[in-house]
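2 protein chains.
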Amino acid sequence: MARRTKDEAEQTRHAILDAAEKVFHKHGVARTSLEEIARAAKVTRGAVYWHFRDKIELLEAMCQRVFLPQEDVLESLAAAESHTPLHDLKKACTDALCLIAKDRRRRRITTILYQRCEYVEDMAAIIHRRRECKDRMLERCQRLFERAKKLKQLAPGWTPRMAAVTLQALMSGLIINGLEGRKEFDLAKAAPTCLEAFFKSLSA
Amino acid sequence: MARRTKDEAEQTRHAILDAAEKVFHKHGVARTSLEEIARAAKVTRGAVYWHFRDKIELLEAMCQRVFLPQEDVLESLAAAESHTPLHDLKKACTDALCLIAKDRRRRRITTILYQRCEYVEDMAAIIHRRRECKDRMLERCQRLFERAKKLKQLAPGWTPRMAAVTLQALMSGLIINGLEGRKEFDLAKAAPTCLEAFFKSLSA
DNA sequence: TATTATACATTCATGAATGTATGTATGTAA
DNA sequence: TTACATACATACATTCATGAATGTATAATA
Numbered sequence: 164m165a166r167r168t169k170d171e172a173e174q175t176r177h178a179i180l181d182a183a184e185k186v187f188h189k190h191g192v193a194r195t196s197l198e199e200i201a202r203a204a205k206v207t208r209g210a211v212y213w214h215f216r217d218k219i220e221l222l223e224a225m226c227q228r229v230f231l232p233q234e235d236v237l238e239s240l241a242a243a244e245s246h247t248p249l250h251d252l253k254k255a256c257t258d259a260l261c262l263i264a265k266d267r268r269r270r271r272i273t274t275i276l277y278q279r280c281e282y283v284e285d286m287a288a289i290i291h292r293r294r295e296c297k298d299r300m301l302e303r304c305q306r307l308f309e310r311a312k313k314l315k316q317l318a319p320g321w322t323p324r325m326a327a328v329t330l331q332a333l334m335s336g337l338i339i340n341g342l343e344g345r346k347e348f349d350l351a352k353a354a355p356t357c358l359e360a361f362f363k364s365l366s367a
Numbered sequence: 164m165a166r167r168t169k170d171e172a173e174q175t176r177h178a179i180l181d182a183a184e185k186v187f188h189k190h191g192v193a194r195t196s197l198e199e200i201a202r203a204a205k206v207t208r209g210a211v212y213w214h215f216r217d218k219i220e221l222l223e224a225m226c227q228r229v230f231l232p233q234e235d236v237l238e239s240l241a242a243a244e245s246h247t248p249l250h251d252l253k254k255a256c257t258d259a260l261c262l263i264a265k266d267r268r269r270r271r272i273t274t275i276l277y278q279r280c281e282y283v284e285d286m287a288a289i290i291h292r293r294r295e296c297k298d299r300m301l302e303r304c305q306r307l308f309e310r311a312k313k314l315k316q317l318a319p320g321w322t323p324r325m326a327a328v329t330l331q332a333l334m335s336g337l338i339i340n341g342l343e344g345r346k347e348f349d350l351a352k353a354a355p356t357c358l359e360a361f362f363k364s365l366s367a
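Chains X and E, in that order, give the protein sequences.
Okay, so the first sequence: first residue is 164 according to the numbering used here, each after it adds one.
Okay, so the second sequence: first residue is 164 according to the numbering used here, each after it adds one.
If you're looking for bench data, these hints aren't it; they were derived computationally from the structure.
Treat the hints with caution; some may be incorrect.
No distinction is drawn between identical chains; accordingly, a pair holds when it is met within one copy or between any pair of copies.
Straight line, CA to CA, 25 Å or less: simulated DSS-like cross-link-like pairs of lysine-lysine [what the hints assert, rightly or not]:
| no. | residue 1 | residue 2 |
| --- | --- | --- |
| 1 | Lys-315 | Lys-218 |
| 2 | Lys-312 | Lys-254 |
| 3 | Lys-205 | Lys-218 |
| 4 | Lys-254 | Lys-313 |
| 5 | Lys-253 | Lys-315 |
| 6 | Lys-352 | Lys-265 |
| 7 | Lys-189 | Lys-218 |
| 8 | Lys-169 | Lys-253 |
| 9 | Lys-312 | Lys-363 |
| 10 | Lys-363 | Lys-313 |
| 11 | Lys-315 | Lys-363 |
| 12 | Lys-315 | Lys-185 |
| 13 | Lys-189 | Lys-315 |
| 14 | Lys-312 | Lys-185 |
| 15 | Lys-312 | Lys-352 |
| 16 | Lys-189 | Lys-265 |
| 17 | Lys-313 | Lys-189 |
| 18 | Lys-254 | Lys-363 |
| 19 | Lys-185 | Lys-265 |
| 20 | Lys-363 | Lys-253 |
Using the sequences and the hints given, assemble the complete structure.
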């Protein structure tokens, strides 16, 4: 094969990322070779090494193509100071979970991040991103709960901090359990209901 | 080395399991070789292959040495029909999370299962065990919530099913977030507080 | 139009991990 | 005391996977 135009090169880059997504999802990150990914993308390892330094860099690039669930939440949370903070937060969380259920790419990548990779040294960059975005979300949630408290909308028994930590955990748990793909526990259906009930309990 | 007595053999078996626990925790399951484990246990690969067929079987045996968090919950839940189901459940959940925080082996193995291994085909046995024990816990929780409802102890807005699903998710999430080992979010401290608040919201 | 950089494919050397086969010293039962 | 089984250690063959080196045809560029 010979030199391609820039557009075509970009296409093969995406083809490689698409292939990585599928193969990582199927066989796990550690057990898939770059050869396998190359085959799935209908190129050779040469192409893979041209676009990415190694497997980790490929994995990172693959993850960069989507927002993580918490980033989705932050994204859909308007910057403005709403007077219905709990309602806004509930909607943002529900939407984020439904996105995972509906958007194939997000779902696959989330699955890879939760069940198909190992968090060790060389995953530092990915670990950092996940940690940071979780931190950002936690802080943001806490602020919203503080605002809710000021507006007398937060049920007694909840401090803003605790509510934020609990919500954060609930989100993570719903994602994990949802990804396990049981018939009887479907993210798109169960999660909104759970969040509905949870936020009702949080509301004064 | 020569033939050891049965007791000594059992000792080396445990030494290998202990070593596996440490090395898996440090470098992840996929990236640790049996040679590494053998060295850590001060034996050779010969000993490892004598006691275990391959890495997966070793991993399985390692996990069998502890209860999973959900099994801890089920274990501490008395079989009897209590008249304070919510209180019992809260205690069982809290205890289970504190166990992870305090018991080093449990903590390491839970970390391995949540962050240091990939769930693919050959993990079938482990996947099965986790799924099954989650199912059992879910069912048990649902029953307790049903009982709570009959006793008028369940807050309106919660169905037993939904409460069980939510609790299950919350537990998983608290474990994950707790295992990340942030200073500001400690399992032993945050989790009981969260569960306290959550169960208060669940109580009529 | 000649040149150069690009976008790959191909080839090769190397290392690491695995599983198996075999050796061997010792406990144990007859 | 002899057999045999056990609990390993050692040695070996084989199988990938990796990364680098090199080849090459073409797009871009001057």
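Hint by hint, here is what the structure shows:
Taking the shortest Cα distances, Lys-315 and Lys-218 never come within 25 Å of each other, neither inside one copy (51 Å) nor across copies (56 Å). Proximity of Lys-312 to Lys-254 under the C-alpha cut-off of 25 Å is restricted to the intra-copy arrangement: shortest distance 18 Å within a copy versus 28 Å between copies. Proximity of Lys-205 to Lys-218 under the C-alpha cut-off of 25 Å is restricted to the intra-copy arrangement: shortest distance 17 Å within a copy versus 32 Å between copies. In this assembly of identical chains, the alpha carbons of Lys-254 and Lys-313 lie at most 25 Å apart only when taken from the same copy (20 Å versus 32 Å across copies).
Only within a single protomer do Lys-253 and Lys-315 lie at most 25 Å apart by alpha-carbon distance; the minimum there is 17 Å, versus 27 Å between protomers. Within a single copy, Lys-352 and Lys-265 get their C-alpha atoms as close as 11 Å, which meets the 25 Å cut-off; across copies the closest is 36 Å, which misses it. For the homomeric pair Lys-189 and Lys-218, the shortest alpha-carbon distances inside one copy (16 Å) and between copies (20 Å) are both at most 25 Å. Taking the shortest alpha-carbon separations for Lys-169 and Lys-253, neither the intra-copy value of 43 Å nor the inter-copy value of 60 Å comes in at or below 25 Å.
Within a single copy, Lys-312 and Lys-363 get their C-alpha atoms as close as 14 Å, and across copies as close as 18 Å, so both meet the 25 Å cut-off. When the C-alpha separation of Lys-363 and Lys-313 is checked against a cutoff of 25 Å, the pair qualifies both within a copy, at 17 Å, and between copies, at 21 Å. Taking the shortest alpha-carbon separations for Lys-315 and Lys-363, both the intra-copy value of 14 Å and the inter-copy value of 18 Å come in at or below 25 Å. In the homo-oligomer, the alpha carbons of Lys-315 and Lys-185 never lie at most 25 Å apart, since the shortest distance is 48 Å inside one protomer and 49 Å across protomers.
In this assembly of identical chains, Lys-189 and Lys-315 lie within 25 Å of each other by CA distance neither inside one copy nor across copies; the values are 48 Å within and 47 Å between. Proximity of Lys-312 and Lys-185 under a CA criterion of 25 Å is satisfied in neither setting, with 45 Å inside one chain copy and 45 Å between copies. For the identical chains of this complex, Lys-312 and Lys-352 are inter-copy neighbours only, at 23 Å across copies versus 29 Å inside a copy, given an alpha-carbon limit of 25 Å. With identical chains, the CA atoms of Lys-189 and Lys-265 are at most 25 Å apart within one copy only, with a shortest distance of 19 Å there and 35 Å across copies.
For a Cα distance limit of 25 Å, the shortest separation of Lys-313 from Lys-189 qualifies neither inside one copy, at 48 Å, nor across copies, at 45 Å. For the homomeric pair Lys-254 and Lys-363, the shortest alpha-carbon distances inside one copy (13 Å) and between copies (24 Å) are both at most 25 Å. In this assembly of identical chains, Lys-185 and Lys-265 lie within 25 Å of each other by CA distance solely inside one copy; the values are 17 Å within and 39 Å between copies. Both within a single protomer and between protomers do Lys-363 and Lys-253 lie at most 25 Å apart by alpha-carbon distance, with minima of 10 Å and 20 Å respectively.
The structure fails hints 1, 8, 12, 13, 14 and 17 (numbered hints given earlier, in ascending order).
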